[in-house]
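As you go down the protein sequences, you meet chains A and B in turn. Everything in the first sequence is counted per numbering that gives the first Met the number 0, starting at 0 for the first residue and increasing by one. Everything in the second sequence is counted per numbering that gives the first Met the number 0, starting at 0 for the first residue and increasing by one.
FYI, nobody ran anything at the bench for these hints, they're computed from the structure. Here the structure is a predicted model, which is why all the values come from computation and not from measurement. Yeah, the Cβ is synthetic: ideal placement off N, Cα and C, and Gly gets one too. All the pointers check out, no bait thrown in.
The following label-pair restraints were derived from C-beta to C-beta distances:
#: 1; chain 1: A; residue 1: L141; chain 2: B; residue 2: A120; range: 22 to 30 Å
#: 2; chain 1: A; residue 1: R45; chain 2: B; residue 2: G112; range: 25 to 33 Å
#: 3; chain 1: B; residue 1: S69; chain 2: A; residue 2: R72; range: 33 to 41 Å
#: 4; chain 1: B; residue 1: A124; chain 2: A; residue 2: L63; range: 21 to 29 Å
#: 5; chain 1: A; residue 1: L120; chain 2: B; residue 2: L33; range: 14 to 22 Å
#: 6; chain 1: B; residue 1: V73; chain 2: A; residue 2: D80; range: 36 to 44 Å
Quick look at which bits of chain A chain B covers, simulated, 3 or more residues with Cβ under 8 Å:
#: 7; stretch: 18-29
#: 8; stretch: 55-69
#: 9; stretch: 89-100
#: 10; stretch: 118-125
#: 11; stretch: 136-143
Partner residues are not named here, just some residues of chain A that face chain B (Cβ under 10 Å, in silico):
#: 12; residue: H6
#: 13; residue: W10
#: 14; residue: S12
#: 15; residue: G15
#: 16; residue: I36
#: 17; residue: S37
#: 18; residue: L44
#: 19; residue: P75
#: 20; residue: A77
#: 21; residue: Q78
#: 22; residue: P83
#: 23; residue: T104
#: 24; residue: G111
#: 25; residue: A129
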Amino acid sequence: MHIDWLHFTPWDSLAGGILIGLATALLLLANGRVAGISGILGGLLRPASGDIAWRLCFVLGLFLAPLVWLAMRAMPPAQIDHSPAMLAAGGLLVGIGTRFGSGCTSGHGVCGIARLSPRSLLATACFMAAGFITVFVVRHVLGH
Amino acid sequence: MNLVTAFLSGLLFGAGLILSGMSNPAKVLAFLDLAGTWDPSLLFVMVGAILVAALAFRFARTRMRPLFGSHIHVPGAGRIDIPLVLGSTVFGIGWGLVGYCPGPALTALAVGGRSTLLFVAAMVAGMAIFEVVQRMRASYAARPRVAAGRPGD
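Please put together the full structure from these sequences, using the hints given.
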């Protein structure tokens, strides 16, 4: 295995992770809600009274984060070079999969593992394994 | 007040994703590419986030209710079932194809151009498909069972 030392950012990534943990703590202790992004977003598609506004506010915060960030410092580089078909397929699979699987990287991977939930440990193992295998097939078998 | 804390939590969450590098799909794919030149950064994101979140969940257990709200909604110990395993696997395939999961995609939406917009639109469509399927299943389960009588009853 070759480590990509050039792009490896242990300290920024650890600090970013701590910020994500603090955001999770704030939503849990102030609002009594688990910060699972797919659940928060998906809940907007099933309107229930008194349950919409906080979801919208959280999603708005996520959406505005890069704009607030840009007002203070430059964004780290980002790169996305996929065909429209690949983007659409990926988005569709992520949308369907996270809702049927009751969570994503935040809900299962961070909050669920933090609570040592057996369901979340298994879900995280499944999406990590599927992610590893998919990238292997796309890059090293199909050669994209 | 609970709306302000929800907004601040989203803002903080997004800042964490940007700082950690996770709003960059290329970096996520470099983590998932074990056979290429591997970027282990995502592991450090997980460790930082899980440690802080674990402290918060422990503290939450000692409290009856949140600051603004009636009770703390923590998922119960549900069953391990097929939708959990299949859904998470399908999610992992989509994640591996593009390098976006829901949080980073929403965070990158304002600055990510058309590619991110297309991904998010497809993701919301996928979530809408789930809602339609759930509604169909609910109405199927609640159907009147008049035609179920056996001949000879």
